[in-house]
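Engineer: Residues per chain, in single letters:
Protein chains: 2
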Amino acid sequence: MSAKHNLLIDIPTAIPDEIFETIISTQNVKIERIISKGHKSESDFWYDQHQSEWILVIKGEARLQFEDKTIHLSTGDYLTIAPHQKHRVDWTTPEEETIWLAVFY
Amino acid sequence: MSAKHNLLIDIPTAIPDEIFETIISTQNVKIERIISKGHKSESDFWYDQHQSEWILVIKGEARLQFEDKTIHLSTGDYLTIAPHQKHRVDWTTPEEETIWLAVFY
Numbered sequence: 001m002s003a004k005h006n007l008l009i010d011i012p013t014a015i016p017d018e019i020f021e022t023i024i025s026t027q028n029v030k031i032e033r034i035i036s037k038g039h040k041s042e043s044d045f046w047y048d049q050h051q052s053e054w055i056l057v058i059k060g061e062a063r064l065q066f067e068d069k070t071i072h073l074s075t076g077d078y079l080t081i082a083p084h085q086k087h088r089v090d091w092t093t094p095e096e097e098t099i100w101l102a103v104f105y
Numbered sequence: 001m002s003a004k005h006n007l008l009i010d011i012p013t014a015i016p017d018e019i020f021e022t023i024i025s026t027q028n029v030k031i032e033r034i035i036s037k038g039h040k041s042e043s044d045f046w047y048d049q050h051q052s053e054w055i056l057v058i059k060g061e062a063r064l065q066f067e068d069k070t071i072h073l074s075t076g077d078y079l080t081i082a083p084h085q086k087h088r089v090d091w092t093t094p095e096e097e098t099i100w101l102a103v104f105y
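Protein chains in written order, with full-length UniProt numbering: chain E, 1 to 105; chain G, 1 to 105.
Don't take each hint at face value.
[What the hints assert, rightly or not] Among chain G residues calculated to face chain E with C-beta under 8 Å, some are: (1) Ile11; (2) Phe20; (3) Ile24; (4) Asn28; (5) Val29; (6) Ile34; (7) Leu56; (8) Gly60; (9) Ile71; (10) Leu73; (11) Asp77; (12) Leu79; (13) Thr80; (14) Trp91.
[Stated by the list, open to error] Per the computed footprint, the stretches of chain E lying under chain G, defined by three or more beta-carbons under 8 Å from a beta-carbon of chain G, are: (15) 2-8; (16) 17-27; (17) 30-42; (18) 65-73; (19) 94-105.
No lab work stands behind these hints: they were computed from the structure.
Ideal Cβ positions, reconstructed from N, Cα and C, are used throughout, including at glycine.
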């Protein structure tokens, strides 16, 4: 309890697949760290989630696509994705790791 | 829905009191941005909360005091505070704004 950890460290040097790490998981909320580096969703893949998702870019750069728009995100940007609001990761920068914080609730 | 905002901007130039801004608030979860600049809890004040709190330092530097230890936090550091785990802010750097992200759940 109350041990500190750091979101910016323990990043593998090679990231063949996007990394999803659960930080907190309870019945009502899940907090996840996601690490991307040039990864994007398959071209015909859409996330369709039953929970709300609050997503924050801690570091890096990405583009999230929705059915009606595409939103560019850089360090510090956040947005809320409503339940069943379809979305996909259109692009993440290949230049550096993009570290996301996702809160599902 | 899905409008983006940024955690690192809209910081007032003068911060006489700590700033608490609610980003998300539902029955089960609250996400808050807190901005400190040299602020600390009153010397005899302890937070004693019924919810769990996950706290992340987005930027800056701080010290959180618990009954049995004091933990120094800098950019990227996070920890979980259990319900009713008494704590206080022992110190935040006066040199720059400390931006916290707090998730109560």
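Engineer: Against which earlier hints does the structure fall short, listed by number upward?
Structural biologist: 1, 2, 6, 8, 14 and 17
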